[in-house]
Amino acid sequence: MSQSSDHKLVRLFTMPQQFPCGPAAACCGPVGQSTEEIQRLKESIEKELSVPVEVRNVTKGEDMRDFRPISGLFRSFGPMSLPIIAIEDEVVSMGNPAPEEAVAALREKLREFGIL
Amino acid sequence: MFRSPNRKETVYLVLIFLFYASALIYVYGNNLSASSIFKYGLFQPKGIEGDEARLAEIETPLSWNVPKVVWSIYIKGSAVLVELFQYWIVGMLIAASLVVFVPWQKIKEKMGYGGFGSNFLATTAGAVIPICSCGIVPVLAGMVEAGIPLGPTMAFLIAAPMLNVPAVFITAGVLGWKLALGRILGTFFIALMVGGVLTRWQRKERFLRRFVKLSIAPNLSPELQKFAFKVGMALSKNPKKLPTEKLAPGEEEKLFMLGEAGILDRDKEDLWFLPAVKEASAGATAACFVLPTGDMRLSFTQRIKKMVQTAWDFFLQLNYYLILAVIIAGAIKVLIPTKTVVSLVGGKHLNSVLIASFIAVLAYVCTYVEVPTALALIQKGMGGGATLSYLLGGPGLSLPSIVMLSGVFKPKVLALYVGLSFIGCVVVGYVFNLF
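Chains as they are written, first to last, in the working numbering: chain W, 1 to 116; chain S, 1001 to 1435.
Read the hints as simulated data drawn from the structure, not as lab findings.
Among the clues, some could well be false.
[Said to hold, decoys possible] Negatives, chain S to chain W, calculated, CB over 10 Å:
(1) 1205
(2) 1236
(3) 1237
(4) 1254
[Unchecked claim] Simulated pairs of lysine to aspartate or glutamate, EDC-like, Cα-Cα distance not exceeding 16 Å:
(5) 1237(S) - 88(W)
(6) 1046(S) - 1059(S)
(7) 1230(S) - 101(W)
Beta carbons are placed, not taken as given, at the ideal position from N, Cα and C, and that holds for glycine.
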């Protein structure tokens, strides 16, 4: 782990889990991630990489004001692209990854930045 | 189960309810024929039968009394809505079933950009299915969303209102077999011509977003979806435009697939970029209809459920155009009544294919209404070629349907459709006159 890694902030762009067709429906959804899913992902990243992780809601205007490219990605690819994981403003992962996949992708990117 | 309409959609829903209710109250309040409003979209006194039943309508004389004219436009438009609404609902369900039951990627792989065979098949399908020019619009949206190429889509759009089995028999019975045969051949000629031009055009341009306005987000295979995300990530940082060799070397075909799905675009210098998606579509994107789980392996019952949900979503998205169309139809009916059209085009001095085609486009003539109108025109001295042009152009092209189509297609596609269909009607009419 690098001491300087805290300069690079990891952001998880997500939306609260919704069941557009009802919780029991198999035809569509759910879209977005549950609080538990996001918490698990956040904790894995923080624990494995020692980087601060911030969670933002893509459906909230004030959360996305400074992240127009991410909003653009969400509009292009839809809820299936969530969570979008970014370091600063560089997107590292789109779509729902297993925590270890997300950690691996982030580790590689942090190495590229010369942090790990 | 159904997504809630947003504020605008709620307003359109309320307007549709008002239009519909007004028409019915007007019919019952004035003791008019209930069947004629559902069958022909006309306010008629009870007891009118035969050919006259499709033509006769209560008078709304033109005057400088603006509120009265506005009221007439509203009430006649509402009558059109009552007739159209049943086709509109059926159209939504057909569209939704196309989206749910037809896998986008397989269609794309099998049909490519279409061709003579696909266009012929689509024209034949259109000729068999009886849908009027306004009811066809939601079906079109479903076809585009299902990944059917634009050539066959357009061939279907032209053939469906111009030709169908009952219309052929009505034409043959009332106007004779020569005109009925001319109608069949003329429809195939126009549909295959416009479909062929669009097939070539799409093959050249490839990118769906350049042709259609709809927010298309088809269900991609997990592999293509993963590729789309990879490409999306690469294009979200500077430089936001990249050539194939930097973006995905050796995988240009996949990039084109994403282009055809409306996810990517390419500029004149062959650099790929993410096209701007309107803010408004984020709401639709969040709805289950656009991107569900990405897994189409659903049971039959689940698909039926999803079909109804998709139809509801289409309904909410396209109602604006339905309202606009019925207002225009009402205005045409009040400002240019059918009887005036008959008296204008009926004279031998105006016995012209060109004028008949032009009036057919301007007038609102729903499928099945064109035959008795044409009979009246023939009785006033209209020639065979002009009659055929009218039979093709009347139900095929109309201002209300053009307005509704503007919600699906970009202006250049719409101009091509209207222009070529018009030219086709004129050519067919002149050729018919040679026999």
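Exercise. Does residue 101(W) lie within 16 Å of residue 1230(S) when you go C-alpha to C-alpha?
Worked result: holds, 14 Å
Problem set entry | Consistency of the no-contact label for residue 1254(S), given chain W and a CB cut of 10 Å | holds, 15 Å
Problem set entry | Assertion that residue 1237(S) lies outside the chain W interface [Cβ separation over 10 Å] | The assertion about residue 1237(S) is violated, with a minimum of 6 Å to chain W.
Problem set entry | 10 Å cut-off, C-beta based - residue 1236(S) kept clear of every residue in chain W | The claim breaks: residue 1236(S) does not keep its Cβ more than 10 Å from every Cβ of chain W (closest is about 5 Å).
Exercise. Is residue 1046(S) within 16 Å of residue 1059(S), Cα to Cα?
Worked result: holds, 15 Å
For this session: Beyond 10 Å from every chain W Cβ: check whether that's true for residue 1205(S).
Result: Holds, because the least Cβ-Cβ distance between residue 1205(S) and chain W comes to about 20 Å, which exceeds 10 Å.
Exercise. Hey, residue 1237(S) versus residue 88(W), does the alpha-carbon distance stay inside 16 Å?
Worked result: Between residue 1237(S) and residue 88(W) the Cα gap is close to 11 Å, so the pair holds against 16 Å.
In terms of the numbered hints stated before, the structure departs from hints 2 and 3, listed from lowest to highest.
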